[in-house]
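Chain F: place on chain U using the hints.
Letter by letter, the chains look like this.
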Amino acid sequence: MHNPKSDVTHRYKYVRADFLKHLAGTTLVVAVLTMGLSFLFREPVRPALHIRTVATSTPLLFEKVAIGDLTGTGIIATYGPPYNDAKGHVQSPLQKLVGVIHPVNPAQDFILKPLEMAAVLNPDVAAALSAWHAAPVGQRQAWADNYAHALAHARVVGQTVAVPPGNYGPVQPMMAGLLRLGQSGLMTGALDRSPADYQFDNQNSLLFLQGAPLHQAAKKLELLGNQWGIIHEENAPYPGPWWMTIVTAIYQVPYIAHASSGDAFALMLGMVLFVALMVGAWVPFINEVPRRLGVYRLIWRDYYRRYEHPAESPPPKSDGAEGPS
Amino acid sequence: MNWTEYVRDKIGILMSVDTWLPRELPEYAFGLLYTLGSLTASSFVVLVVSGILMAANGPQWWTVSAIGFFVRGVHFWAVQAFFFFMVLHLLRVYFSGAWRGGREKTWLLGTLSLLVAIPTAFTGYLMRGDFYSQWNAVQAKDGLNAMGLAWFNVLNAGQMYGLHVVVLPLTLSALIALHITLIRVKGVVPPYPARDEQDQDAPVPKDGVPHAQS
Chain U
1 MHNPKSDVTH
11 RYKYVRADFL
21 KHLAGTTLVV
31 AVLTMGLSFL
41 FREPVRPALH
51 IRTVATSTPL
61 LFEKVAIGDL
71 TGTGIIATYG
81 PPYNDAKGHV
91 QSPLQKLVGV
101 IHPVNPAQDF
111 ILKPLEMAAV
121 LNPDVAAALS
131 AWHAAPVGQR
141 QAWADNYAHA
151 LAHARVVGQT
161 VAVPPGNYGP
171 VQPMMAGLLR
181 LGQSGLMTGA
191 LDRSPADYQF
201 DNQNSLLFLQ
211 GAPLHQAAKK
221 LELLGNQWGI
231 IHEENAPYPG
241 PWWMTIVTAI
251 YQVPYIAHAS
261 SGDAFALMLG
271 MVLFVALMVG
281 AWVPFINEVP
291 RRLGVYRLIW
301 RDYYRRYEHP
311 AESPPPKSDG
321 AEGPS
Chain F
1001 MNWTEYVRDK
1011 IGILMSVDTW
1021 LPRELPEYAF
1031 GLLYTLGSLT
1041 ASSFVVLVVS
1051 GILMAANGPQ
1061 WWTVSAIGFF
1071 VRGVHFWAVQ
1081 AFFFFMVLHL
1091 LRVYFSGAWR
1101 GGREKTWLLG
1111 TLSLLVAIPT
1121 AFTGYLMRGD
1131 FYSQWNAVQA
1141 KDGLNAMGLA
1151 WFNVLNAGQM
1161 YGLHVVVLPL
1171 TLSALIALHI
1181 TLIRVKGVVP
1191 PYPARDEQDQ
1201 DAPVPKDGVP
1211 HAQS
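As given, the protein sequences belong to chains U and F, one line each in that order.
Read in order, the letters of the first sequence are residues 1 to 325 in our numbering.
Read in order, the letters of the second sequence are residues 1001 to 1214 in our numbering.
Bear in mind the hints are in silico, worked out from the structure with no lab data behind them.
Treat each hint with caution, since some may be false.
The calculated label-pair distances, taken between Cβ atoms and stated as ranges, are [said to hold, decoys possible]:
| # | chain 1 | residue 1 | chain 2 | residue 2 | range |
| --- | --- | --- | --- | --- | --- |
| 1 | U | G185 | F | G1158 | 43 to 49 Å |
| 2 | U | G185 | F | A1177 | 56 to 62 Å |
| 3 | U | K220 | F | S1065 | 28 to 34 Å |
| 4 | F | K1186 | U | R193 | 50 to 56 Å |
| 5 | F | A1174 | U | R292 | 42 to 48 Å |
| 6 | U | Q141 | F | A1177 | 57 to 63 Å |
| 7 | U | D85 | F | G1058 | 34 to 40 Å |
| 8 | U | I101 | F | K1010 | 39 to 45 Å |
| 9 | F | T1063 | U | V100 | 22 to 28 Å |
| 10 | F | T1063 | U | K220 | 55 to 61 Å |
| 11 | U | A257 | F | T1004 | 38 to 44 Å |
| 12 | U | R292 | F | K1105 | 22 to 28 Å |
| 13 | F | A1174 | U | D85 | 37 to 43 Å |
| 14 | U | A86 | F | W1151 | 18 to 24 Å |
C-beta atoms are modelled at their ideal positions from N, C-alpha and C, and glycine is treated no differently.
Same shape as in the complex, but just chain U (with noise of 0.2 Å):
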């Protein structure tokens, strides 16, 4: 009867071996081959993705994101848990119960906070500003409306966005004066403020890049989750992270991929695989089926040369050269 406790072999011996040389001998062909690797290729470093970039490139798309996150209709106006009390992202009971930790008003934080430091330099945003805190909320939120409907027929004119004539408010010199201070290079800085002063949190300035900036960026690398995106590096052929392979194949079942709870179901999917493999050897049957397999032959091929047919290959002395782990 198979018995996976027991179910070892209790013919073989010991031999000499050297298993400090041994290690000695991994680490330095590694090191070796690490260091000779970076010689010969180095790194593949693809430039990031700044403010400056989509503000100069494309300004219709940089006043398009900002009024989404003026108006409330914007990606992470709408998510929800962990930033804000919106519902547009909650994917599962998990994502509601551990709250808004991370909390993010993108009109005060993207737009509104912005612009008070670029008041300061410039005399259009602070009466533009001045008039849109006199105005009451319903006002407010119809003059950004209003200008949102209107980037639909807007077109740029040099560095500018020029909307056809409406009731904007101050929205349209406010989004003007925007768009100079993206330009400038100055509202990464600008979104990322703590209150210690130093800067190790670029949570805001992700999330006001978050959506159609970041993503055009991604397609035209083909690094989109539906393009095998993430276990891609940008820059063939320099290999990426393939060891997240199974979780981006899981991306890749249509029905996860338009699932509007994709991310947690893929995500939970790949635990339960990996829980699979560490539990395995545990559960009958599963722990039996590299036995079945019969690979282990060819593995220990000369073992079971050596001691299924003793008469034909006696066993040969071994010098100890090298080690298992």
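Relative to chain U, chain F alone:
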């Protein structure tokens, strides 16, 4: 045997130079396939050394120093080597049924090491500070938020730096150390019994671990 004797005996085995640097090894445990685990551990050593050099010089060293960029390259290729050898090692031990003979915990710690290695490497990708860092951060946040892991804020480079250079490597080091300890104490799994041996009523050791017959 009382418990103090038991602990003393176990510590004696654990601290023995014969456990860690044996002069003899089972005859079946030689060859390239039995070098994969050591190559994985050696890759981890190179990762730690290159990582310490980078940590000592700050996360943006590579942007101002050719040596920094070279060391970052070594770190990058060592990650590739680490996972490459680890996956090959995993395949070898899986097809060997390496959990047999009371070695289930060794298997568990090895697979757990792989599980922890993934976020360890991923947080490293977030340290590059290039488009890849930006994209991976915004992509990963949705899944982590959905799993209730929003505390793990991939958009916070400061938090990711601490996790990448201290918390996760220390956790991974501990898991790898325990994994290797169990390998050294329990020994490398012997082959499945030969066909004629399976027909015999071979005595089964009490602890399920076979002993040398030399």
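Do the hints match the structure? See the list:
no. : hint                         : verdict
1   : U:G185 / F:G1158: 43 to 49 Å : 22 Å, violated
2   : U:G185 / F:A1177: 56 to 62 Å : 47 Å, violated
3   : U:K220 / F:S1065: 28 to 34 Å : 30 Å, holds
4   : F:K1186 / U:R193: 50 to 56 Å : 54 Å, holds
5   : F:A1174 / U:R292: 42 to 48 Å : 34 Å, violated
6   : U:Q141 / F:A1177: 57 to 63 Å : 59 Å, holds
7   : U:D85 / F:G1058: 34 to 40 Å  : 38 Å, holds
8   : U:I101 / F:K1010: 39 to 45 Å : 44 Å, holds
9   : F:T1063 / U:V100: 22 to 28 Å : 35 Å, violated
10  : F:T1063 / U:K220: 55 to 61 Å : 24 Å, violated
11  : U:A257 / F:T1004: 38 to 44 Å : 59 Å, violated
12  : U:R292 / F:K1105: 22 to 28 Å : 23 Å, holds
13  : F:A1174 / U:D85: 37 to 43 Å  : 39 Å, holds
14  : U:A86 / F:W1151: 18 to 24 Å  : 20 Å, holds
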